[in-house]
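Chains as they are written, first to last, in the numbering used here: chain A, 367 to 867; chain B, 367 to 867; chain C, 367 to 867; chain D, 367 to 867.
Heads up, some of the hints might be wrong.
In this list, chains with the same sequence are indistinguishable; a pair is considered to hold if it fits within one copy or across any two.
In silico lysine to aspartate or glutamate, EDC-like type, Cα no more than 20 Å apart, as pairs [as the list claims (entries may be wrong)]:
hint	residue 1	residue 2
1	Lys666	Glu687
2	Lys644	Glu590
3	Lys728	Asp425
4	Lys615	Glu530
5	Lys728	Asp429
6	Lys848	Asp796
7	Lys666	Asp816
8	Lys644	Glu600
Just so you know, the hints here were simulated from the structure itself, not pulled from any lab data.
Protein chains: 4
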Amino acid sequence: MCGIFGIINAADAARKTYYGLHALQHRGQESAGIVTTAYDAARKRAIMPAIRNFGLVTDVFRDDAVFQHKLAGDMAIGHNRYSTSGSSTNAANIQPFVVHYRNGNLAIAHNGNLSNATQLRQLFDLNGTLFQTTSDTEVILHLIAQSRQFRQRDQILDAVSQVEGAFSLILMTDDKLIAVRDPHGFRPLMLGRIDEAHNQGKPAWCVASESCAFDLLGATYVREIQPGEMLVMEKEACETGNFESYLLKPTSQTAQCIFEYVYFSRPDSRIFGEMVDKVRRKFGKTLAHEAPAPFDSKGKRTIVIPVPDSSNTSAMGYATELNKIYCHEGERDHFRFEFGLIRNHYVGRTFISPGQNARELKVRLKFNTVEGVLKDRIVVMVDDSIVRGTTCRQLVKMVREAGAREVHFRVTSPPVISPCYYGMDFPTPDELFANQFEDIDGMAAWLGVDSLAYLSEEGLLEAVRETNSIPPNYCTACFTNKYPVPVQVPKETEKEAFEFV
Amino acid sequence: MCGIFGIINAADAARKTYYGLHALQHRGQESAGIVTTAYDAARKRAIMPAIRNFGLVTDVFRDDAVFQHKLAGDMAIGHNRYSTSGSSTNAANIQPFVVHYRNGNLAIAHNGNLSNATQLRQLFDLNGTLFQTTSDTEVILHLIAQSRQFRQRDQILDAVSQVEGAFSLILMTDDKLIAVRDPHGFRPLMLGRIDEAHNQGKPAWCVASESCAFDLLGATYVREIQPGEMLVMEKEACETGNFESYLLKPTSQTAQCIFEYVYFSRPDSRIFGEMVDKVRRKFGKTLAHEAPAPFDSKGKRTIVIPVPDSSNTSAMGYATELNKIYCHEGERDHFRFEFGLIRNHYVGRTFISPGQNARELKVRLKFNTVEGVLKDRIVVMVDDSIVRGTTCRQLVKMVREAGAREVHFRVTSPPVISPCYYGMDFPTPDELFANQFEDIDGMAAWLGVDSLAYLSEEGLLEAVRETNSIPPNYCTACFTNKYPVPVQVPKETEKEAFEFV
Amino acid sequence: MCGIFGIINAADAARKTYYGLHALQHRGQESAGIVTTAYDAARKRAIMPAIRNFGLVTDVFRDDAVFQHKLAGDMAIGHNRYSTSGSSTNAANIQPFVVHYRNGNLAIAHNGNLSNATQLRQLFDLNGTLFQTTSDTEVILHLIAQSRQFRQRDQILDAVSQVEGAFSLILMTDDKLIAVRDPHGFRPLMLGRIDEAHNQGKPAWCVASESCAFDLLGATYVREIQPGEMLVMEKEACETGNFESYLLKPTSQTAQCIFEYVYFSRPDSRIFGEMVDKVRRKFGKTLAHEAPAPFDSKGKRTIVIPVPDSSNTSAMGYATELNKIYCHEGERDHFRFEFGLIRNHYVGRTFISPGQNARELKVRLKFNTVEGVLKDRIVVMVDDSIVRGTTCRQLVKMVREAGAREVHFRVTSPPVISPCYYGMDFPTPDELFANQFEDIDGMAAWLGVDSLAYLSEEGLLEAVRETNSIPPNYCTACFTNKYPVPVQVPKETEKEAFEFV
Amino acid sequence: MCGIFGIINAADAARKTYYGLHALQHRGQESAGIVTTAYDAARKRAIMPAIRNFGLVTDVFRDDAVFQHKLAGDMAIGHNRYSTSGSSTNAANIQPFVVHYRNGNLAIAHNGNLSNATQLRQLFDLNGTLFQTTSDTEVILHLIAQSRQFRQRDQILDAVSQVEGAFSLILMTDDKLIAVRDPHGFRPLMLGRIDEAHNQGKPAWCVASESCAFDLLGATYVREIQPGEMLVMEKEACETGNFESYLLKPTSQTAQCIFEYVYFSRPDSRIFGEMVDKVRRKFGKTLAHEAPAPFDSKGKRTIVIPVPDSSNTSAMGYATELNKIYCHEGERDHFRFEFGLIRNHYVGRTFISPGQNARELKVRLKFNTVEGVLKDRIVVMVDDSIVRGTTCRQLVKMVREAGAREVHFRVTSPPVISPCYYGMDFPTPDELFANQFEDIDGMAAWLGVDSLAYLSEEGLLEAVRETNSIPPNYCTACFTNKYPVPVQVPKETEKEAFEFV
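Given only the sequences and the hints, what does the whole structure look like? Please build it.
Below, the structure written as structure tokens:
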């Protein structure tokens with residue numbers, strides 16, 4: 367997963383990009399980078415200065431002066447990268463990438479995963495093209511540089527028409543910002559406008575993975591970049607926003623990543639045309655109908671607690687709906703939403719020495735129970751998904767130790783059974799929790815809960831459709847094993863090919 | 367504010383201290399340090415190796431190997447320091463401090479503020495004692511080193527009897543761990559036990575600012591270090607836990623910091639004998655009686671939202687109690703707890719360029735609204751306290767922009783009107799929000815809210831007493847201007863006196 | 367200028383390369399790097415681990431452990447780079463370069479300057495090849511990768527046949543070490559053998575810019591790599607040393623850089639078939655005949671002092687020969703070699719604040735006079751060359767201030783009048799001292815000396831020929847403006863084309 | 367060994383100190399520091415900003431801006447420290463030290479070794495004084511701070527009167543520069559003047575370990591600080607230079623370190639009233655009489671080579687005098703000074719992996735032979751001293767391998783038989799070369815030379831007296847075992863007592 371951001375015709379473009387990346391920090395914490403356009407007066411040519419490094423945005427950009435000096439300019443793009451195995455030691459993989467070729471400078475930021483990168487790379491290898499990174503994104507750059515088209519936008523169109531899989535891209539040339547979304551529309555990408563007079567009174571325009579970046583900047587959400595759209599943004603058109611838009615080869619139907627709603631995006635973001643918070647709450651409500659929680663026969667209220675923070679909204683929806691369904695006229699609520707788990711947000715990269723209770727410690731570093739809330743109660747824990755199951759199991763154990771009489775577990779999405787090849791970092795099928803058990807009882811027994819229930823696939827899709835005015839199609843491959851684009855399971859991480867430094 | 371931790375008779379003492387500091391990270395983010403005891407075989411003497419630096423615990427300790435090697439040993443103390451103005455550039459101020467004097471090595475970690483440090487320092491200055499730090503804690507070390515007592519525990523007792531103000535201390539000698547709490551008991555300090563066989567089957571014992579550190583380590587909470595108690599812990603006594611306990615000169619009554627309950631401590635901690643979560647919830651409930659929120663005449667429920675995360679519990683208590691009070695038999699709830707503000711936990715040290723909307727941006731970096739929850743609603747925002755008011759005002763503006771019809775603000779503590787001289791870092795009286803207005807209407811107008819209400823002083827104390835089985839006395843100076851220990855308002859930060867490096 | 371070193375079939379190859387680079391440190395102080403061959407068992411493929419950074423060899427390699435671990439293996443190449451304007455901020459330019467392409471890994475270290483790099487690069491630009499560095503060396507890598515030959519050695523032969531100018535190269539493939547010298551033989555490159563049993567008793571073989579690297583390693587000097595030779599060294603042939611040798615397209619005549627003898631190489635090195643010390647001494651002797659120093663009519667001896675350390679040998683030759691020529695039977699020597707200038711070797715990168723006496727200070731930091739040697743004497747200062755003249759002028763002033771009665775200046779090479787385009791870093795023609803004056807008197811007046819004399823071009827060449835058993839042809843372009851290979855005066859430093867990081 | 371420098375009433379005092387330390391770099395390469403006086407307007411008090419770190423002066427000061435900003439002011443002192451065992455890891459030991467006490471700020475830079483530091487420290491320990499460093503210099507600071515005198519200069523006089531051993535000190539108070547030299551005058555310290563108008567036209571005055579620092583700054587050498595003198599320099603007196611001078615308790619006779627002449631000081635410095643170059647040359651001349659070199663019966667000249675660079679001057683004196691003595695009227699010289707060993711000045715901190723030829727490699731990294739000079743010759747190697755002998759032995763081996771027919775070794779000082787307790791870093795008696803053999807033949811045999819000769823003690827003293835107009839007394843303890851001040855052989859390095867950071 368990654369977060370990408372781009373802006374054109376903005377005073378202080380790099381600093382705005384810095385704030386944009388800040389809002390998208392949850393999409394990738396391994397590295398961050400910003401590239402701007404500038405003019406090198408001494409050498410009389412356009413350049414693209416860049417600052418990129420490992421770490422959070424606040425780690426990489428510690429000196430405010432860079433925005434006035436090195437990263438000056440009114441156009442910029444930025445990238446947050448997620449930690450994926452292997453590549454994390456190679457600094458050359460930190461995006462945005464910048465190259466200079468016969469048509470000028472070119473920068474690129476990519477969220478997603480190309481499914482035909484390996485084949486394309488083999489072709490390049492045979493013709494003697496040297497690669498510098500192990501990133502699939504570099505393939506796009508070579509396709510552009512070696513394109514037989516003359517105009518830069520045609521070269522880019524040529525290149526993005528040859529790659530397959532998941533790609534939300536922001537490219538920057540010496541005078542344009544270009545946003546591209548793959549025909550399936552796996553990853554979100556949207557357009558915003560900042561009504562701040564710049565460059566003869568024209569507004570600035572920005573592109574981001576999620577709309578929360580717009581809120582931080584005071585930008586207005588305009589629309590989604592459409593699946594299969596390549597939007598070419600030039601300064602001249604900033605006044606009207608009538609940017610040129612090109613269409614990649616169409617696909618039978620879109621396949622937007624439903625897991626963005628389930629877990630990945632921020633609740634205060636609008637993606638795929640709907641607020642994440644609203645969709646996530648609907649998941650909880652639907653689950654309340656499908657898998658209600660038990661009443662406490664002792665007359666106490668049953669306690670519904672989220673695994674904070676990603677499940678807060680869906681747990682709230684679940685609890686509210688339960689009361690709506692089961693509390694008859696004249697009754698007090700039977701269910702109460704509570705904070706039974708406290709999360710420590712200072713976790714960072716804490717090291718854990720390997721050993722028998724390393725896993726337990728890892729969970730304890732992040733969560734603690736609130737005994738006063740849980741003691742002698744029937745507790746329903748709500749989480750958005752279960753991937754490996756180890757954290758859940760430890761949390762259940764802690765909730766029991768805090769005195770819970772019964773522990774029920776509710777998951778506001780279906781069982782995860784397949785890896786994602788479109789940009790999400792899941793473990794192998796064997797490591798997925800749901801694949802390790804015959805049935806739901808086996809799962810519940812291993813987790814140590816009194817009952818376990820998942821949201822059904824139908825419930826999931828229904829929730830999404832109901833909330834969303836224009837129901838698009840979603841990729842549910844991680845829950846269903848039905849991949850919209852054929853995938854080639856990658857072998858080992860490819861070795862760095864080009865490591866000058 | 368600071369977090370302190372110490373442990374004796376523990377396998378892997380430094381790593382346990384590392385986890386302890388982790389749990390106490392919210393008490394201080396400026397610097398961290400750990401000191402252990404070891405034996406230098408080459409030089410045939412006891413030593414106290416230390417690792418200390420600016421940054422979070424995870425920044426300072428990045429290499430697991432130090433726990434096996436440099437910080438080996440079965441006794442350790444650690445310290446997290448809060449950022450206070452001025453001193454933050456002087457690395458010599460990072461605790462724990464370690465000295466060697468005629469009775470051996472000595473390490474110290476301090477949470478609090480000495481009220482007679484300046485006078486003591488002047489006396490030392492006159493006799494030619496050279497100081498290395500600007501910290502009031504160093505005074506205690508010179509008092510110990512220059513004491514005319516012979517036994518080390520007598521030297522320490524001599525020293526801590528001469529200092530006044532707020533001090534929860536953990537000292538480490540070559541063979542003892544010593545916990546001290548000032549007679550007023552301003553800052554919390556408590557004892558825990560880890561039932562892990564070490565050193566002929568004896569358990570380990572630990573001392574910490576808050577009990578959440580015990581939970582992380584699987585330690586059992588034993589008791590508070592009493593106000594005015596000096597507990598001397600030796601390995602021999604670890605089996606029974608019958609440690610020698612000395613009494614400092616008694617004070618008329620204790621004065622435990624009530625702001626620890628209001629804001630500072632973690633909700634999952636037990637301090638001053640009671641769970642913070644429970645007290646904080648009670649603040650909300652009491653406020654529900656004192657200052658209820660309005661019904662929505664349009665038939666919708668009034669939305670109660672916390673300013674996350676510190677007000678989550680009190681807002682929950684407030685909303686629940688409102689429903690209990692105002693919802694008659696047979697009615698549905700009129701108030702609903704909701705998440706209307708989302709907090710971004712990646713904020714870190716983000717830089718903001720000065721300018722007109724710097725303050726606004728600062729708040730937007732940390733919080734975003736959830737429009738679907740707030741639109742067309744009567745919204746009650748609940749916060750634990752208002753210090754400068756600028757964040758509140760901006761949050762109110764954002765909640766209005768998200769479409770709230772009315773905005774009411776409730777504070778679960780009284781107005782802050784006086785600075786703290788016992789270890790909390792408040793601004794000057796002039797900068798405090800509550801001191802800038804004639805009355806509550808002026809405050810409400812400036813904040814832009816339809817109504818504003820604080821918890822009364824009586825309500826605050828009542829809540830504390832009700833929940834706490836043995837009602838102790840509290841310091842409420844920040845709300846009442848009644849200081850339990852005479853304070854000398856410090857002039858400018860003192861200059862570093864000794865700066866060899 | 368640069369220093370290059372390579373070794374095959376050696377235990378501890380990287381550490382030996384480290385020592386080799388150490389001996390060649392005078393050839394380049396800007397950056398250093400070492401690459402070895404290894405096998406990545408986890409990924410079952412050959413790799414080329416590298417360590418490269420800015421700074422001296424001792425700065426880049428501070429941790430001995432890298433030689434046992436990261437840089438293990440029995441084949442290695444290394445590179446020292448000289449500081450040239452502009453490129454010094456781009457870490458991607460630090461050699462050796464390493465790439466992976468369809469035939470495996472490939473590393474390269476280059477000393478020299480390609481004269482047709484710009485044209486080749488333009489061609490590559492047109493076909494869409496992306497460059498990562500601004501170094502002309504990268505062209506060779508793309509020529510190899512895009513060669514239509516199948517065998518790796520043919521690809522390399524293909525590539526080096528297309529480049530022109532000055533290039534002494536060491537390449538490393540997964541199983542071979544390849545040394546190449548351009549047909550003119552501008553830069554030295556020689557073969558050595560280490561009789562240390564390794565790999566079934568075979569000796570190691572090494573290639574270096576200068577023989578002083580062999581002395582440090584206890585290696586035996588075997589022979590020069592011939593101008594136009596490509597020597598392919600394989601482990602199997604290490605026993606006999608019968609390596610395959612290929613011939614590049616022949617050139618009319620060789621053009622070995624005479625400035626290597628004048629200044630650049632170390633006096634204890636053998637290059638182009640002769641000891642530098644011997645040649646340099648002969649320069650002094652010849653100059654004694656061409657431009658003798660005056661007798662002191664006061665009966666004292668005339669003092670001959672070198673500008674240390676590069677002129678020590680030639681000044682000694684000059685003084686000795688003067689006595690031989692002018693001191694008749696029965697006379698005491700009239701001339702005495704002395705140390706009148708002391709050099710401070712700790713200079714490093716000392717900063718000088720700009721201002722009127724910045725230049726003077728710069729010289730004073732490096733040199734001081736010895737008054738007792740110079741006072742009331744006729745002093746003859748001997749230097750190897752004059753490039754800008756500013757240091758000379760300041761030294762003359764200092765020698766006069768120390769009390770010298772007369773100051774005469776002798777240069778053991780002709781006036782430098784043209785820049786070098788084959789790897790030496792001279793200033794532009796306008797900045798060269800000799801081009802700024804009408805005649806020798808003008809030069810002497812500006813320097814402030816009583817007389818000034820240069821070695822003649824004939825004297826220079828005669829000295830080289832006399833000492834060298836097989837007289838080769840030399841490049842004297844810097845003294846004569848006759849360039850053996852047509853040069854294209856480069857415009858501004860080219861911008862980095864590819865800057866992923 | 368250390369180098370110290372101080373300056374008063376100078377524009378840009380810190381930068382001048384930087385250059386001064388540069389000239390004194392040979393006296394200590396482990397760490398460097400500069401302290402200035404400044405006024406903190408915000409806090410209305412005098413301060414002493416400092417920059418100190420491990421490394422060469424050029425490593426510690428890499429940013430020119432510090433001189434304009436942090437280190438502004440017209441008074442400064444600086445220090446270069448030599449690497450002595452143990453303390454090199456403790457940053458607190460880096461000088462100058464700075465403290466603040468009741469009389470203001472105080473900085474100190476020390477060259478030498480106190481012989482009663484341990485006893486004084488024990489006394490301080492008993493009264494509870496906490497130490498921060500392991501340096502004997504800190505004792506002086508506590509003596510000043512705890513003095514019962516009122517005036518600062520009396521406090522300092524009180525303190526320096528209580529310490530014994532070797533100490534050349536420069537102290538800086540908020541308005542004075544104070545130079546002190548112990549009564550024996552072990553280490554040099556001298557006064558210079560810079561005639562540059564500053565502060566109402568008054569000249570600047572500086573104090574330095576060696577006069578070479580004055581040459582670099584264009585300062586005039588004024589005089590030595592006398593043994594037992596404390597010179598108090600105030601700005602008011604800078605016009606005339608009539609500074610107050612105090613006398614420490616007198617000693618029977620001075621004991622200036624003769625090894626400063628033999629090896630330590632730079633040849634271009636004036637110390638103890640005489641040029642080092644002149645004294646060192648005289649050592650060579652005297653040795654020529656005491657221990658001449660053999661003629662070459664084959665008619666070739668005998669070659670005299672120095673071990674560069676410290677022996678250059680004495681070897682030159684030796685060779686010149688030999689010719690004067692042995693070359694009769696009408697004969698050509700029989701002896702020729704030559705460069706037979708080349709020194710690589712880039713050595714730095716090169717690591718050598720332990721093993722059988724580690725020692726050999728260590729020497730080869732620093733020296734190489736010039737075969738053309740040595741082959742078939744009788745060679746006389748001249749060195750200033752032999753400490754451990756291992757380098758000499760290896761050099762002899764290398765000279766033989768280069769073809770020398772005979773190798774004779776001449777040392778221009780007596781055998782080193784005793785350690786120095788006054789600031790020089792010699793090994794223990796057992797490790798000293800001369801103590802390991804019965805007689806000179808044993809030494810010669812182990813070194814592998816045909817003959818070995820040392821300068822006699824009488825010759826050494828005669829040479830010093832002859833050249834120096836006012837013959838002072840010298841400390842020759844390292845050659846004679848006669849210590850002018852009783853020494854207490856220190857046990858192990860003392861542990862850091864105070865390590866706040």
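Cross-check of the supplied hints:
When the C-alpha separation of lysine 666 and glutamate 687 is checked against a cutoff of 20 Å, the pair qualifies both within a copy, at 18 Å, and between copies, at 16 Å. Taking CA atoms no more than 20 Å apart as the test, lysine 644 paired with glutamate 590 passes inside one copy only; the shortest distance there is 18 Å, against 45 Å between copies. For a Cα distance limit of 20 Å, the shortest separation of lysine 728 from aspartate 425 across copies, 17 Å, qualifies, whereas the shortest one inside one copy, 24 Å, does not. Taking the shortest Cα distances, lysine 615 and glutamate 530 sit within 20 Å of each other inside one copy (11 Å), while across copies they are farther apart (47 Å).
Taking the shortest alpha-carbon separations for lysine 728 and aspartate 429, only the inter-copy value of 17 Å comes in at or below 20 Å, while the best intra-copy value is 33 Å. For a Cα distance limit of 20 Å, the shortest separation of lysine 848 from aspartate 796 inside one copy, 17 Å, qualifies, whereas the shortest one across copies, 64 Å, does not. Taking the shortest Cα distances, lysine 666 and aspartate 816 sit within 20 Å of each other inside one copy (18 Å), while across copies they are farther apart (36 Å). Within a single copy, lysine 644 and glutamate 600 get their C-alpha atoms no closer than 35 Å, and across copies no closer than 58 Å, so neither meets the 20 Å cut-off.
The structure fails hint 8 only (numbered hints given earlier).
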